[in-house]
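Fit chain B to the given chain A structure using the hints.
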Amino acid sequence: MTHAESPPPPTLRALFVGFLAIGLSGFGGVLPWARRVVVERRRWLSEAEFTDLLGLCQFLPGPNVINLSVALGARFRGVAGSAACFAGLMAAPMVIVLVLGALQARYGALPVVQHLFRGLAAGASGLVLATAIRIGAPLRRHPAGLAIGLGAAAALALARLPLLPVLLAAAPLGILLTRRSGR
Amino acid sequence: MTGTLLDLARIFATLSLLAVGGGNTLLPEMQRQVVGVHSYMSADQFAALYALAQAAPGPNMLVATLIGWHVAGLAGALVATLALCLPSSLLTLAVGGLWWRFREAAWRRRVQVGLVPATSGLILGGALVLCLSTSRDWRFAAVTALAAAGTLLTRLNPLWFLAAAAGIGIIVG
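Same order as they appear, the protein sequences are chains A and B.
Heads up, the first sequence is in our numbering, so the first residue is 23 and it goes up one at a time.
Heads up, the second sequence is in our numbering, so the first residue is 255 and it goes up one at a time.
So that you can see chain A by itself, here it is in the shape it has in the complex:
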């Protein structure tokens, strides 16, 4: 950051506005939009820097894109930068989702709205299913990894075990296994 040739870091205002745009355009997944704004439009980070920062945000617990806003803000403007990015990301979507929620509460008893939500919820399940398949795709050639994933899913969804014990079993097993297979 102290290199003479690097451009001045973005202002708090620019960070807020940039993440406001990310939050507003992120229909059905925010991360692709975050990459578009941060790397292509605003040129705050290079492609490689973005991938690295995203790696951190996926590694740490918490919603990835929220971690991304916090980490990116901190890199340029410290804690104030984090707050600006976080507020920008969440402000508009929170208002919109609450308005939609209020509408649903008001008109949710109408049969047509109920039917709409049944369809919408079935579609939303499909999107989560697609995410799971996409993330798990590399496990096709790793039967043991696949077994861990399927076991964790069954433990959570069918046996309804709490997350903590499942995570404490599945995460170390997975890490141990990838080390064994020499990847």
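Treat the hints with caution; some may be incorrect.
Computed Cβ-Cβ distance ranges for the label pairs, DEER-style [what the hints assert, rightly or not]:
| # | chain 1 | residue 1 | chain 2 | residue 2 | range |
| --- | --- | --- | --- | --- | --- |
| 1 | A | GLY77 | B | LEU344 | 11 to 21 Å |
| 2 | A | ALA159 | B | LEU260 | 16 to 26 Å |
| 3 | A | LEU132 | B | LEU386 | 18 to 28 Å |
| 4 | B | ARG264 | A | ALA159 | 31 to 41 Å |
| 5 | A | VAL121 | B | LEU352 | 17 to 27 Å |
| 6 | B | ALA395 | A | ARG162 | 21 to 31 Å |
| 7 | A | SER68 | B | ARG409 | 20 to 30 Å |
| 8 | A | GLU62 | B | ALA360 | 44 to 54 Å |
| 9 | B | ARG409 | A | ALA169 | 44 to 54 Å |
| 10 | B | ARG390 | A | ARG64 | 37 to 47 Å |
| 11 | B | ARG363 | A | LEU132 | 19 to 29 Å |
It is worth saying that the hints were derived from the structure and are not from the lab.
If you're wondering where the values come from, they're calculated on a predicted model, not measured in any experiment.
Ideal placement from N, C-alpha and C gives every residue a C-beta, glycine not left out.
Only chain B this time, still in chain A's reference frame:
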């Protein structure tokens, strides 16, 4: 009321630090807490709120905002959202600098690859939990399968599949 807000804060703050691999990995536990342990709503209502969060712009974890709002109004919405975001954000702030320093370290890559089985299993668990309440008959199960296949096999914005699913819901009832 204050007790409910404290409950919300505790539930979502704990979830925040358990969300290894992103917010979607939390779905099974969030549903277990909100529907099972605390009986704030039915499984159907949970699925509907999650669908709403997914159809709206912004992170899907806005489902926490909606749950908080459903349980305790505007204060609940703010408490649940901040509780879900703050602990993990503080951790990100604390660790961000270290991460940069270890960017060449082999263990970092190994841990990232090694978490794939757990992460994908957690998200699959969330998908199953949702499907169990949204697949009320074969037609809705087919909608789920089509939305999943369409998202995986085409480059269309997933929002189109949500819109189509809502339309089919109105038609088939």
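Now the hints, each set against the structure:
1. A:GLY77 to B:LEU344: 11 to 21 Å: Given range 11 to 21 Å: holds, Cβ gap about 19 Å.
2. A:ALA159 to B:LEU260: 16 to 26 Å: The hint (16 to 26 Å, Cβ to Cβ) is violated, given that A:ALA159 and B:LEU260 are roughly 41 Å apart.
3. A:LEU132 to B:LEU386: 18 to 28 Å: Hint holds: Cβ distance 25 Å, inside 18 to 28 Å.
4. B:ARG264 to A:ALA159: 31 to 41 Å: holds, 36 Å
5. A:VAL121 to B:LEU352: 17 to 27 Å: Taking Cβ atoms as reference, A:VAL121 and B:LEU352 lie about 40 Å apart, which means the hint is violated.
6. B:ALA395 to A:ARG162: 21 to 31 Å: holds, 24 Å
7. A:SER68 to B:ARG409: 20 to 30 Å: Between A:SER68 and B:ARG409, where Cβ atoms are some 25 Å apart, the hint holds.
8. A:GLU62 to B:ALA360: 44 to 54 Å: Given range 44 to 54 Å: violated, Cβ gap about 31 Å.
9. B:ARG409 to A:ALA169: 44 to 54 Å: violated, 31 Å
10. B:ARG390 to A:ARG64: 37 to 47 Å: This hint holds: roughly 45 Å between Cβ atoms.
11. B:ARG363 to A:LEU132: 19 to 29 Å: Hint violated: Cβ distance 52 Å, outside 19 to 29 Å.
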